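A.B. asks: Chain by chain, the residues run as shown.
Number of protein chains: 2
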Amino acid sequence: MEVTRTNFKDSLNTVYSAIEEADFLAIDGEFSGISDGPNVSALTNGLDTPEERYMKLKKHSMDFLLFQFGLCTFTYDQAESKYVIKTFNFYIFPKPFNRTSPDTKFICQSSSIDFLASQGFDFNKVFRHGIPYLNQEEEVQLREQYEERRSQSNGSGNPSYISPNSNKGPGSIPEEHREYIGRKERYIQISKVDDEERKRRERQKQEREQVTFRWDSSLFPLSPTQGKLVVGHNMLLDVMHTIHQFYCVLPEYFLYCFLRLLDTKLMATTQPFKELINITSLAELQKQLKESPFKSPKVVTAEGFPSYDTAQEQLHEAGYDAYITGLCFISMANYLGTTIYTRYNATLTSHVFARLFLMRIIDIPYLNISGPDLQPKRDHVLYVTFPKEWKTSDLYQLFSAFGNIQVSWIDDTSAFVSLSQTDQVQIAINTSRYAESYRIQTYAEYVQGRQQVRESQGHSTQSWDEDGWVKPHYTSPSTVGAGPTGYSYGHSRYRPLT
Amino acid sequence: MEVTRTNFKDSLNTVYSAIEEADFLAIDGEFSGISDGPNVSALTNGLDTPEERYMKLKKHSMDFLLFQFGLCTFTYDQAESKYVIKTFNFYIFPKPFNRTSPDTKFICQSSSIDFLASQGFDFNKVFRHGIPYLNQEEEVQLREQYEERRSQSNGSGNPSYISPNSNKGPGSIPEEHREYIGRKERYIQISKVDDEERKRRERQKQEREQVTFRWDSSLFPLSPTQGKLVVGHNMLLDVMHTIHQFYCVLPEYFLYCFLRLLDTKLMATTQPFKELINITSLAELQKQLKESPFKSPKVVTAEGFPSYDTAQEQLHEAGYDAYITGLCFISMANYLGTTIYTRYNATLTSHVFARLFLMRIIDIPYLNISGPDLQPKRDHVLYVTFPKEWKTSDLYQLFSAFGNIQVSWIDDTSAFVSLSQTDQVQIAINTSRYAESYRIQTYAEYVQGRQQVRESQGHSTQSWDEDGWVKPHYTSPSTVGAGPTGYSYGHSRYRPLT
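Protein sequences, first through last, are from chains A and B. Take the first sequence: its position 265, counting from 1, is numbered 265 in my numbering, and each next residue is one higher. Take the second sequence: its position 106, counting from 1, is numbered 106 in my numbering, and each next residue is one higher.
If we strip away everything but chain A, and leave its shape as in the complex, we get (with noise of 0.2 Å):
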């Protein structure tokens, strides 16, 4: 079902009511671009933490708009053994709701308006007919200059000074803007209004922005009071636009906010579906879980509802995404035996509930936002620094000796060199002693390094504990009850909140 701001407020009863009766959903959005930084080997590097991918993404990513949001609601039919299915795309746009309110700028990035265009996705949809919305910063805040407003046009505001001439007045900017775009000034109609069409007027406005005001914290279905299980793949972008656009200024790093999250690529990148799937993009993913071992399970559209055919791809539109998210997720659960009514599993939350993927890091596999992250040794890793010159032949030339190397790169001056020995560290450093060009620290000096700096700005301290992983200093609200060790890398002992 499309939902745009035409057909919002009378579609919104529909939308509760698919979220209140779901066992679980599945979202997805479609983002005006992605990175707006300066390359995207910056932007994920193999050895970011969770912490350092969050913080590169909220600081170059969230300038992009998500102008499509899919959720996809699924319910299941115990007497049928079905799911039913109801499937919502939300076109979103930041249409200025009047001449103060913010008027919101975004990033398009060409390649990813390219490839949406290429998918014959409707960019008149969205500027035409997409929803608005107000994080709840910007709802106070516009609330607060109303209630202001209208307490003046009562006779107790303070009119003195003003001059009809006066650029700070905040009547006469949009005025001027206009004129820019529009080239067609605009008249000022003047009209004896009278005390009670004044009132009515002001009731019809107040109605009108009601509508548009309450996009985010009734409807968002992430919201950690909502208690669903929301589904998503690969969606660490997806909840950090969400939360952005219709929620909150991103915190520093999330932690404990939202736990009833599931990446369905995580979960397929994680025993027992490492061993089975290969290839873990959305449509691949689907594909192989059409196979066996694996079965595909029963779904019906509900009544009233447009229904997908699998068999003719839709991809990258929000909804489908989210759909066939889903259907993903229902597939793997059933392998490891549980069914999805019943909500709490333990194997599910232990494996992947609360976690989201991170692409592209080495050895660390997800983000946890319901606990500490994993924090690997890296014993083998070398920070190396180097006139900006050098390409990444020349790092290979320069650890020639050691064998194979792997290199990430920082920035134009900086890398992390990963030996394959953890042996030759020390060799290394040794041998790079008088070297004036270059400059080699181990991994530990350089989080060391980095962690100087964040406790003179007031961040909290961690040590290493005997296990090889990080014990941050503050309190997790549950260390009890290991999960089983699906990772290779050794196993988290923090568990969700249930």
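Calculated from the structure, these hints are not laboratory results. Remember, it's a predicted structure, so these values are computed and weren't measured experimentally. It is possible that some hints are incorrect.
Stated by the list, open to error - Some chain A residues close to chain B (C-beta under 10 Å, calculated; not the full set):
#, residue
1, Ser32
2, Leu65
3, Pro94
4, Lys105
5, Gln109
6, Ser110
7, Ser111
8, Asp114
9, Leu116
10, Asp122
11, Phe123
12, Lys125
Positions of the beta carbon are idealized from the N, C-alpha and C atoms, including for glycine.
Take the given structure of chain A and dock chain B to it, following the hints.
C.D. replies: Relative to chain A, chain B alone:
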């Protein structure tokens, strides 16, 4: 006629010959936004100098996309005393040419997008079928890259030390990127290609690239070598965007560059039209120019071109706006007793030729691209700095003893205050001597202060001449021959190159 990347190649000859045969051209652009600055009042201070305004637009407006370029060619048919027009709407989008070419990012401003959407603007056509472009520098870069790759693939490259895991190789970057957008991993298809086949593919690729490469210089109707009169309405931003996207990085400040420009908004606000025309927005201007004492010109659409019905307004389609602009120009030129095909008519040129309308500057009507800008004395203007809590009302209170004032905000802590009487200036300054919270300077002191900063940065110096205009110290190509003094502010002693 709509020109997209689908029919671009086939349309080129039609476009060329339309330009070639035309007596003059009218242009218009539609953008994804106007101002990325902090606010519009800072962008358009009423006491900006033309250079300041230009610099502000350069800084705050060039990250938007010019995505529709309208061109209307006007050819006079003497036998029939009518104009034959050909209208083109070019849809423009920076679709990346290949994986190593620039992945352009551009900003969208919600109010601008919303405005165009409300006018029925077709964004799908832009993003799906827009013509890609490069400016000259980008074109050279891409060609060099291309040649380099070609010579490498011929065996002269240096493929050693390139690790498949390296993040810095150009090939790996868009791959990572894609994954975010598409979640559909790419396959690498390995196939044996014989030498003949390889050459054939390369030729194909080159041909394909040639088409898109050439949008800029050869087609570009603003090129100084073209020699046609180019008309626009309030065209400063159109000209800046066109240069920026299709030609070159905008110069620090453009002078003597593009001489054959005529701004109908400036024309309409200049004598003798100033007294005859109330509102100079394009739509209103056109309406007024249909009435006495003006006459609508006789215009027909060339065969094979879609015709516009001026009764059914299609404003804000770039081609239509260009067409209307041309009509307005002809009506005004006819009123002056000139016919367009006597191109370099003295009356026309000295009035408005090569001068671009400046919005909302109190005492300078235009930016002069064929010589030094007008720089009126501003003896009655004070430069005031104050705490950032101050509002317009505080300034009115402060100057309440000096009669009527006009406030032009510069930023949060400074503004120009124009007094109605120049003899009050010294009194105001004397009064402020012992003030602690604010500070007052004369405009001359303010300019001098900025001048010293500029000189220390190596810019040219200027001095006041006896007429009250600043006389810049660069050589004007022609300083003889004053035009009629149409401006209430005095007149320029410079006329454009002819």
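A.B. asks: Each hint needs a verdict: does it hold in this structure or not?
C.D. replies: Each hint, compared with the structure:
1. Ser32: holds (8 Å)
2. Leu65: Given a least distance of 8 Å, the restraint on Leu65 (chain A) holds.
3. Pro94: Status holds, d = 5 Å.
4. Lys105: holds (5 Å)
5. Gln109: OK, holds: Gln109 (chain A) within 10 Å of chain B, min 5 Å.
6. Ser110: holds (5 Å)
7. Ser111: holds (5 Å)
8. Asp114: holds (5 Å)
9. Leu116: holds (8 Å)
10. Asp122: Holds, because the Cβ-Cβ distance from Asp122 (chain A) to chain B comes to roughly 7 Å (cut-off 10 Å).
11. Phe123: Hint on Phe123 (chain A): holds, closest Cβ of chain B at ~4 Å, below 10 Å.
12. Lys125: Holds. Min distance 9 Å.
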